[in-house]
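Asks: Letter by letter, the chains look like this.
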Amino acid sequence: GAGVSQSPRYKVAKRGQDVALRCDPISGHVSLFWYQQALGQGPEFLTYFQNEAQLDKSGLPSDRFFAERPEGSVSTLKIQRTQQEDSAVYLCASSSPPGAKNIQYFGAGTRLSVL
Amino acid sequence: DAKTTQPPSMDCAEGRAANLPCNHSTISGNEYVYWYRQIHSQGPQYIIHGLKNNETNEMASLIITEDRKSSTLILPHATLRDTAVYYCIVRVDYGQNFVFGPGTRLSVLP
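Top line first, the protein sequences correspond to chains G and P. According to this note's numbering, the first sequence is numbered sequentially starting from 1154. According to this note's numbering, the second sequence is numbered sequentially starting from 839.
Isolated chain G, as found in the complex (with noise of 0.2 Å):
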């Protein structure tokens, strides 16, 4: 397909079991990006990949969660023993090369509920 693709959709986890997330981005696109996104609120960033190089995670609210893109397509966001709090909809976006203009497409993005 065209667009951005995540898997799985929906994700149900038992509190404490880890979980991995998946994004296909565009094909062609350096830029990835993962958000989160709570019930009723915009997303909010969490980390940045260029290529396989991961240039910002500020955004991850632990150290429970873990982002790579070893060859610098497809990205795995993982998080370990989760918690309650981390029930959210984790969105995955791409952007268009260097030089070109920066808009980012985005996935439909994983709903995690953590029981």
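For the record, the hints were derived by calculation from the structure and aren't laboratory data. Ideal Cβ placement from N, Cα and C applies to all residues, glycine included. Treat the hints loosely; a few may be bogus.
As the list claims (entries may be wrong) - If you only want the chain G side, here are some residues facing chain P, beta carbon under 8 Å, derived:
#1 F1186
#2 F1198
#3 Y1258
#4 G1260
Chain G is fixed; fit chain P onto it per the hints.
Replies: Chain P only, in chain G's frame:
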């Protein structure tokens, strides 16, 4: 914190123009105004952006005041499918993450 303020909600009659305001009084000279919208259970969708000139595309028009302290997104003929939360964001064009505020929840009524 978001650098913009928007009304929390607005209603618009189907077929009429929807005019969504945004205040960004602290905008810097190199910051663009971006508009995104988010329909229920979907990710945010890019609508339009601009620096200082008015912009128009197939989705909407963006009117930016001369002092750039505010802007208006115009949906010329709103349909029920335009019901969504609309986010106004200011950011340098080649910057990194967007800072989203709570946005405006637009309800298009039949």
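Asks: Run every hint past the structure and note whether it holds.
Replies: Cross-check of the supplied hints:
| no. | hint | in the structure |
| --- | --- | --- |
| 1 | F1186 | holds (6 Å) |
| 2 | F1198 | holds (4 Å) |
| 3 | Y1258 | holds (7 Å) |
| 4 | G1260 | holds (5 Å) |
Hint check: no violations occur; every hint is consistent with the structure.
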